Amino acid sequence: MNELLLLMKNELMVTAIIFLLLFIKVGKGMNNDRLLPLVQTLLLANLILGFFFNGEGSLFGNMYHTTPLIALQKNILGLGVYLISLLCSDWLKKTAHLAEFFLLMLSALLGMYFMISGGNLLIFYLSLELATIPVAAMTNFDLDKKRSSEGAMKLILSSAFSSGILLFGISLIYGITGTISFTELPQLADGSGLFIMAFIFLFSALAFKLSIVPFHLWTADVYEGAPVPVTAFLSVVSKGAVAFILMTVLYKVFQPIETTWYLLIVILSVASMLIGNLFAVRQQNIKRFLAFSSIAQVGFILVGVSSGDIGSSTAVVYFVLVYLFSNLAAFGVATVIGENSGKENIDDYKGLYQTNPFLGWVMALALFSLAGIPPTAGFFGKLFLLTAGGSKGSYIYLLIAALNMIISLYYYLRVIRAIFMDQNDTPVPAIKIGAAPKLGMIICGIGIVLTGMMGWIYDYIQSLH
Amino acid sequence: MNLLLLLGAPLLTAIAVLLSRTKQQVRWISLAGSVVQLLFALLLLFVFRAERSAGQAAQMLFEQNFPLIDALNIHFHIGVDGISVSMILLTALVVIAGVLVSWNIEKMTKEFYFLLILLALGAYGFFISLNLFVLFFFLEISVVPKYLLIGIWGSGKKEYSANKLVLMLMMGSGLIIVGMLGLYFSGGHDFDIMNLANAQIPTDRQNLIFPFMFLGFGVFTALFPLHTWVPDGHSSAPTAGSMFLAGISMKLGGYGCLRVAVYLLPEGAREYANIIIVLSSIAILYGAFVTMMQKDLKYINAYSSVSHVGFSLLAIGMLTQTAVTGALMQMISHGLMTALFFAVIGMIYDRTHTRMVNEMGGLMKVMPFITTVLFLVGLCSLGLPGLSGFVAEMTVFVGSWENDDVFHRVATIAAAMSIVVTAVYILRAVGKTAMGPVTNPEHLQLKDAAWNEKLAAIILLAGILSIGLAPGWLNELLTPGAEIIVNRIAGK
Chain H
1 MNELLLLMKN
11 ELMVTAIIFL
21 LLFIKVGKGM
31 NNDRLLPLVQ
41 TLLLANLILG
51 FFFNGEGSLF
61 GNMYHTTPLI
71 ALQKNILGLG
81 VYLISLLCSD
91 WLKKTAHLAE
101 FFLLMLSALL
111 GMYFMISGGN
121 LLIFYLSLEL
131 ATIPVAAMTN
141 FDLDKKRSSE
151 GAMKLILSSA
161 FSSGILLFGI
171 SLIYGITGTI
181 SFTELPQLAD
191 GSGLFIMAFI
201 FLFSALAFKL
211 SIVPFHLWTA
221 DVYEGAPVPV
231 TAFLSVVSKG
241 AVAFILMTVL
251 YKVFQPIETT
261 WYLLIVILSV
271 ASMLIGNLFA
281 VRQQNIKRFL
291 AFSSIAQVGF
301 ILVGVSSGDI
311 GSSTAVVYFV
321 LVYLFSNLAA
331 FGVATVIGEN
341 SGKENIDDYK
351 GLYQTNPFLG
361 WVMALALFSL
371 AGIPPTAGFF
381 GKLFLLTAGG
391 SKGSYIYLLI
401 AALNMIISLY
411 YYLRVIRAIF
421 MDQNDTPVPA
431 IKIGAAPKLG
441 MIICGIGIVL
451 TGMMGWIYDY
461 IQSLH
Chain P
1 MNLLLLLGAP
11 LLTAIAVLLS
21 RTKQQVRWIS
31 LAGSVVQLLF
41 ALLLLFVFRA
51 ERSAGQAAQM
61 LFEQNFPLID
71 ALNIHFHIGV
81 DGISVSMILL
91 TALVVIAGVL
101 VSWNIEKMTK
111 EFYFLLILLA
121 LGAYGFFISL
131 NLFVLFFFLE
141 ISVVPKYLLI
151 GIWGSGKKEY
161 SANKLVLMLM
171 MGSGLIIVGM
181 LGLYFSGGHD
191 FDIMNLANAQ
201 IPTDRQNLIF
211 PFMFLGFGVF
221 TALFPLHTWV
231 PDGHSSAPTA
241 GSMFLAGISM
251 KLGGYGCLRV
261 AVYLLPEGAR
271 EYANIIIVLS
281 SIAILYGAFV
291 TMMQKDLKYI
301 NAYSSVSHVG
311 FSLLAIGMLT
321 QTAVTGALMQ
331 MISHGLMTAL
341 FFAVIGMIYD
351 RTHTRMVNEM
361 GGLMKVMPFI
371 TTVLFLVGLC
381 SLGLPGLSGF
391 VAEMTVFVGS
401 WENDDVFHRV
411 ATIAAAMSIV
421 VTAVYILRAV
431 GKTAMGPVTN
441 PEHLQLKDAA
451 WNEKLAAIIL
461 LAGILSIGLA
471 PGWLNELLTP
481 GAEIIVNRIA
491 GK
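Chains as they are written, first to last, in my numbering: chain H, 1 to 465; chain P, 1 to 492.
Check each hint, because a few of them may be wrong.
As the list claims (entries may be wrong) - Example chain P residues on the side facing chain H (calculated, C-beta under 10 Å, incomplete):
#1 L12
#2 D70
#3 V166
#4 L175
#5 V178
#6 G182
#7 P202
#8 D204
#9 L208
#10 Y263
#11 V398
#12 W401
#13 L455
#14 I458
#15 I459
These are computed hints drawn from the structure, not numbers from a lab. A quick note: this is a predicted structure, and the numbers were derived from the prediction, not measured. Cβ coordinates follow ideal geometry from the N, Cα and C atoms, glycine included.
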């Protein structure tokens with residue numbers, strides 16, 4: 001019993017918060033000004049407790065297993081949700097159904113926790129669904145906006161489709177090997193054509209969640225339509241979780257067909273980087289812009305994923321952490337500006353530095369980090385991913401990735417230029433930033449500047465393997 | 001001497017600038033910071049010479065090595081040899097001059113000086129690091145300041161120039177990353193320059209990696225045909241920005257070509273030496289002829305930089321010890337000279353609000369100090385004995401002539417001929433600006449240099465003269481380093 005409590009503590013804590021919210025909602029209710037700080041505190045407590053008592057072990061006949069590394073991955077996701085609750089509090093305070101919103105978001109988070117810890121294909125499938133369906137409901141949360149429901153519709157339809165493909169792949173795998181357990185599958189995998197097809201089905205479902213090209217078509221519309229906290233959740237927390245499980249699936253379960261998936265990953269990552277980058281160049285809406293840039297970032301993550309050793313797993317976890325700080329900071333600025341002035345286009349950011357220097361600097365830091373320019377952590381993250389990817393010795397692949405960094409720098413600079421250099425007759429008025437978003441931005445800023453400088457973080461992640 | 005002082009001084013200055021309240025405070029803090037940096041650089045020079053004359057023969061002195069990331073075997077390894085010491089001195093001189101000439105910047109003063117000092121920090125870090133990862137970090141740290149300095153405080157088509165410059169330099173960085181990872185995996189999972197120098201990297205691997213490294217750093221130092229960012233970037237940048245770009249940033253590239261590409265990949269260097277010679281000869285001649293057609297003083301100096309930096313690269317391609325020493329001398333001489341040139345152009349532009357040669361004339365009568373400096377720096381640029389340009393170019397030619405086959409001789413002669421062209425454009429531009437009657441009556445009211453401008457010019461002139469009149473000390477500093485590099489190429 002004790003063991004159960006300790007090993008599943010992340011899940012149990014999130015479940016406890018969910019039930020608490022449920023009781024509050026069913027009971028007397030609470031107004032947003034009081035509920036939001038409560039949720040933020042609970043999430044912070046969850047995050048802090050997550051770093052203690054991390055054991056290793058399996059439960060329920062290997063259906064659930066955890067290691068310190070998995071616990072760290074969960075904490076990174078928890079940190080993401082905590083930061084979103086801070087950064088987006090302007091929007092959250094206004095929403096009429098705050099308790100429901102967090103119920104959904106935390107359910108999705110719970111699904112991700114189970115997904116990362118999953119020990120067989122069944123729990124993997126179930127938790128993937130749990131991590132997806134609430135997000136579709138959250139996408140629809142701007143009830144008076146048509147785009148919001150359009151985005152939700154697109155998301156739910158396409159994720160239902162991808163779930164179908166995933167289930168088909170799982171059933172094929174079960175048909176070939178007779179098992180769904182992650183530990184038994186590698187021994188039974190035969191590498192036949194059918195098995196590879198099953199793998200591709202399963203992989204495409206994950207690729208859909210990560211919005212890897214060519215499974216990315218839903219991304220831009222959903223990101224644009226959804227409220228900013230949901231977009232941030234989708235692009236950071238959800239992607240991080242899937243990147244983590246992708247590594248487990250590739251390195252453990254499909255290890256016997258490594259040559260096959262290596263090629264697949266290389267091709268898809270080049271496609272993602274190129275198409276994500278090229279489409280991002282032309283975007284005007286900041287959310288669409290970040291959507292395409294996140295597609296390119298995922299392509300970059302795949303560079304790290306491709307080589308399949310300890311180094312690449314470390315680099316990916318590290319990069320997700322860095323990406324979380326950088327991307328959330330960008331979304332944080334976008335939501336503060338969006339909620340206070342209603343402006344969402346890059347052209348509206350012209351002259352931002354004159355009126356809001358703090359927001360200007362945070363955005364600049366975030367974008368330079370996304371572009372991989374030192375002294376920000378993004379530089380270290382990208383370099384580690386490239387180092388991991390380079391261990392297979394394909395210089396052309398590395399060169400393509402490095403050259404893609406130039407394209408991405410080009411469009412990130414577009415925003416920087418608008419903020420710092422361009423003149424504007426009607427700039428965003430000076431905004432009084434609330435305490436919570438400001439705290440969130442400062443945490444992100446410190447994360448962006450210090451994560452890279454502190455080399456021991458990388459060593460720490462490596463030591464957990 | 002603890003080399004971390006060289007990083008600590010600019011870092012503390014930058015933080016102090018951020019915390020200061022008034023523009024006057026910002027200026028004085030930056031000046032104090034850059035004076036401290038110069039003192040540290042001079043101290044380093046003296047301590048270094050004292051150690052060497054006390055018989056300390058290690059290749060690198062004042063080494064420090066802290067583990068940064070164990071998992072990837074990355075260490076914060078720093079140390080200096082004579083080459084780095086002279087580069088650090090160059091940086092410190094340009095920084096203090098840059099701070100002085102920017103005294104009258106009123107627009108976002110705090111941000112301006114902060115970025116300027118960040119740029120200096122990157123340069124110091126670059127010259128002392130002995131680990132490729134750290135070196136690359138410091139190389140890249142300058143991207144943000146360069147972009148913002150040109151884009152915010154620049155003139156003309158500044159956004160275009162800033163974009164072009166940063167993207168082209170990023171392309172160089174992209175190539176360097178690939179080369180760096182190639183070295184990492186070929187040299188036994190190590191980024192350390194001293195260890196990689198001892199690692200046996202197979203010849204075919206060297207031939208594969210060398211172009212990445214050399215072209216990558218070549219972009220930074222305006223290797224033909226990757227030089228196209230130079231004219232736009234320099235002409236759009238604010239005065240201090242141009243000084244830093246041409247005086248320091250381009251030297252980062254040259255230093256990287258030598259220390260990383262040639263030193264770590266000697267067989268690759270031998271393989272590609274002739275291509276380097278051809279490209280740099282083209283750059284020298286092409287740069288000189290294009291300069292003849294320019295009418296804007298900044299463009300004149302920018303294109304002549306392409307030509308002058310070509311001498312450095314030519315000398316690297318020659319692979320003899322004298323030539324490599326000459327390459328380094330040329331880098332330092334050019335750094336001082338071009339920084340001063342841009343400073344003077346900035347001073348003239350601040351007063352006349354034009355940089356067009358044909359809109360000026362007779363300025364000698366109006367502002368004797370500024371024009372005299374312009375003359376001196378022009379003469380240095382065309383290689384007049386007594387100034388640093390002569391010493392550097394002469395060493396390059398002597399070193400190049402040591403190769404006695406037709407190909408090298410032809411390249412040397414072609415390069416040497418460019419000096420005639422240099423004389424033509426320099427004398428024409430300087431003569432038109434300074435001599436004759438005052439063409440624009442409004443120019444009669446102009447004031448000569450203020451104290452800060454005089455001081456900046458004198459500091460840089462002191463550097464130029466100390467090399468031009470007594471090159472021995474610089475030679476002593478550079479030769480041992482050059483010898484080690486050349487011996488590796490010769491396979492000794």
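Worksheet item: Which hints, by number, does the structure contradict?
Response: 1, 7, 8, 10, 11, 12, 13, 14, 15
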